[in-house]
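Q: Please build the complete structure, drawing on both the sequences and the hints.
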Amino acid sequence: MAEYLPILLFLAVALLLSVAFVFLPIGVSRLTGAHKPTVAKLSEYECGFPAFEDSRSQFDVRFYLVAILFIIFDLEAAFLFPWAVSLEQIGWAGWLTMMVFLFELVIGLIYAWKVGALDWE
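In the UniProt record's numbering, the protein residues as written are 1 to 121.
Heads up, some of the hints might be wrong.
Estimated spans, in silico, between C-beta atoms of each pair [as the list claims (entries may be wrong)]:
hint	residue 1	residue 2	range
1	Ser86	Thr38	50 to 58 angstroms
2	Ile90	Ala20	41 to 49 angstroms
3	Ile7	Val39	45 to 53 angstroms
4	Thr38	Phe79	43 to 51 angstroms
5	Trp83	Trp113	20 to 28 angstroms
6	Val106	Tyr64	20 to 28 angstroms
7	Ser18	Phe63	43 to 51 angstroms
8	Leu31	Leu105	31 to 39 angstroms
9	Ile26	Leu102	45 to 53 angstroms
10	Gly94	Ala117	26 to 34 angstroms
11	Ile110	Leu8	33 to 41 angstroms
12	Leu69	Leu96	21 to 29 angstroms
13	Ile26	Tyr111	46 to 54 angstroms
These are computed hints drawn from the structure, not numbers from a lab.
All residues carry an ideal CB built from backbone N, CA and C; glycine is no exception.
A: Structural data, given as structure tokens:
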């Protein structure tokens with residue numbers, strides 16, 4: 001049981017700090033008077049002007065498509081950095097594997113471009 005003491009101590013300190021970071025600012029704001037809700041503070045506010053539509057309205061599917069394409073090509077960049085750092089150790093096999101990966105992503109980008117997924121009206 002003694003070997004688990006550092007882990008339990010770590011968990012206790014983490015729990016104490018997380019509770020402090022969550023509830024301490026709330027308590028301080030209540031005590032200092034920063035929490036004074038008014039009609040203006042409780043109203044909806046979006047992009048610099050009041051909301052003019054129902055917040056539960058459907059979005060156009062293009063928003064989701066652009067978001068998915070962004071995630072895909074953002075992951076490409078995330079894979080390129082460790083590959084570039086370790087290129088000297090992985091040799092030609094790693095280089096060839098990354099070229100295949102990039103080729104597949106370029107084919108996907110060309111396809112998305114051709115079908116008009118990147119066009120915006």
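Q: Regarding Ile7 and Val39, is the given constraint of 45 to 53 angstroms on their beta-carbon distance met?
A: 50 angstroms, holds
Q: Is the distance from the Cβ of Leu69 to the Cβ of Leu96 consistent with 21 to 29 angstroms?
A: With a Cβ separation near 26 angstroms, Leu69 and Leu96 satisfy 21 to 29 angstroms, so the hint holds.
Q: Note whether the CB distance of Thr38 and Phe79 lies within 43 to 51 angstroms or breaks it.
A: Holds, at about 49 angstroms.
Q: Could you see if the CB distance from Ile90 to Ala20 stays within 41 to 49 angstroms?
A: 45 angstroms, holds
Q: For the hint 26 to 34 angstroms, verify it against the beta carbon of Gly94 and that of Ala117.
A: 31 angstroms, holds
Q: Taking 45 to 53 angstroms as the stated bounds, is the beta-carbon spacing between Ile26 and Leu102 within them?
A: 48 angstroms, holds
Q: If you check the beta carbons of Ser18 and Phe63, does the distance land in 43 to 51 angstroms?
A: 34 angstroms, violated
Q: Could you say whether the range 33 to 41 angstroms given as a hint is met by the Cβ separation of Ile110 and Leu8?
A: Once the Cβ atoms are compared, 55 angstroms apart, the range 33 to 41 angstroms for Leu8 and Ile110 is violated.
Q: Look at the Cβ atoms of Leu31 and Leu105 and judge whether their distance stays inside 31 to 39 angstroms.
A: 54 angstroms, violated
Q: Mind checking the hinted window 20 to 28 angstroms against the Cβ distance between Val106 and Tyr64?
A: 23 angstroms, holds
Q: Against the range 50 to 58 angstroms, how does the distance between the Cβ atoms of Ser86 and Thr38 compare: consistent or not?
A: With Cβ atoms ~56 angstroms apart, the hint holds.
Q: Is 20 to 28 angstroms a correct range for the gap between the Cβ atoms of Trp83 and Trp113?
A: Since the Cβ atoms of Trp83 and Trp113 sit about 25 angstroms apart, the hinted range of 20 to 28 angstroms holds.
Hints 7, 8, 11 from the earlier list are contradicted by this structure; the remaining hints agree with it.
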